[in-house]
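Engineer: Sequence:
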Amino acid sequence: MKSADELAVDELMDRYFDGLYHSDSTVLRTVFHPALAYVNATAGNHEFMDIDAYMTRIDNREPPAVRGEKRNESVDRVTLTGRQMGLVEARMTMMGRDYQDLLTLIHTDDGWKVITKVFAYQEKG
Numbered sequence: 232m233k234s235a236d237e238l239a240v241d242e243l244m245d246r247y248f249d250g251l252y253h254s255d256s257t258v259l260r261t262v263f264h265p266a267l268a269y270v271n272a273t274a275g276n277h278e279f280m281d282i283d284a285y286m287t288r289i290d291n292r293e294p295p296a297v298r299g300e301k302r303n304e305s306v307d308r309v310t311l312t313g314r315q316m317g318l319v320e321a322r323m324t325m326m327g328r329d330y331q332d333l334l335t336l337i338h339t340d341d342g343w344k345v346i347t348k349v350f351a352y353q354e355k356g
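In the working numbering, the protein residues as written are 232 to 356.
Hints in this document: simulated from the structure, not taken from any laboratory. Remember, predicted model here, so these are calculated numbers, not experimental data. Every residue, glycine too, gets a C-beta built ideally from N, C-alpha and C. There may be inaccurate statements among the hints.
If you anchor each label on the Cβ, the simulated ranges turn out as follows [said to hold, decoys possible]:
id	residue 1	residue 2	range
1	Q315	R292	27 to 35 Å
2	T310	A272	18 to 26 Å
3	G327	K233	32 to 40 Å
4	A239	D307	13 to 21 Å
5	M232	A274	38 to 46 Å
6	A235	E354	37 to 45 Å
7	T312	T287	28 to 36 Å
8	A235	P265	21 to 29 Å
9	G275	D340	34 to 42 Å
10	S234	E320	15 to 23 Å
Cut-off 30 Å, straight-line C-alpha distance, at most; resulting in silico cross-link-like pairs (DSS-like, lysine-lysine) [what the hints assert, rightly or not]:
id	residue 1	residue 2
11	K233	K301
12	K355	K301
13	K344	K233
14	K344	K301
Given only the sequences and the hints, what does the whole structure look like? Please build it.
Structural biologist: Here you go:
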């Protein structure tokens, strides 16, 4: 049986995937901590953004849902260290790319939030 924290992280990840699929920055702002660090670790395409720059990018792209892309996402591993921090390893395919995410979580007064998003992708061939 899952703990309350594990269930909360499951719900957080549902919102994460929904927000990305629908390019919904309002939903994603409920997932991310206001001090989010966004890091693209893809070779040759390193990028670093704060939450506002990342949400602007989200708002300006055509959602995968509008293009009719099939959802393909998974949470590969969740590790919680006490009630203060955790790590989620997740994968998803969208916009012609396979993404691998490492999401660092912290527990706040508002529940679990993603404080860092480090990811890399490969173009689908």
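Engineer: Would you mind marking each hint as holding or not holding in the structure?
Structural biologist: Hints, one by one, checked against the model:
1. Q315 <-> R292: 27 to 35 Å: About 33 Å separates the Cβ atoms of Q315 and R292, which means 27 to 35 Å holds.
2. T310 <-> A272: 18 to 26 Å: Given range 18 to 26 Å: holds, Cβ gap about 19 Å.
3. G327 <-> K233: 32 to 40 Å: holds, 34 Å
4. A239 <-> D307: 13 to 21 Å: holds, 18 Å
5. M232 <-> A274: 38 to 46 Å: holds, 41 Å
6. A235 <-> E354: 37 to 45 Å: Check passed, 39 Å falls within 37 to 45 Å.
7. T312 <-> T287: 28 to 36 Å: Distance hint for T312, T287 holds at roughly 32 Å.
8. A235 <-> P265: 21 to 29 Å: holds, 24 Å
9. G275 <-> D340: 34 to 42 Å: holds, 39 Å
10. S234 <-> E320: 15 to 23 Å: holds, 19 Å
11. K233 <-> K301: Measuring from Cα to Cα gives roughly 29 Å; hence the hint holds.
12. K355 <-> K301: holds, 14 Å
13. K344 <-> K233: At roughly 19 Å apart (the allowed maximum being 30 Å), K233 and K344 satisfy the hint.
14. K344 <-> K301: holds, 26 Å
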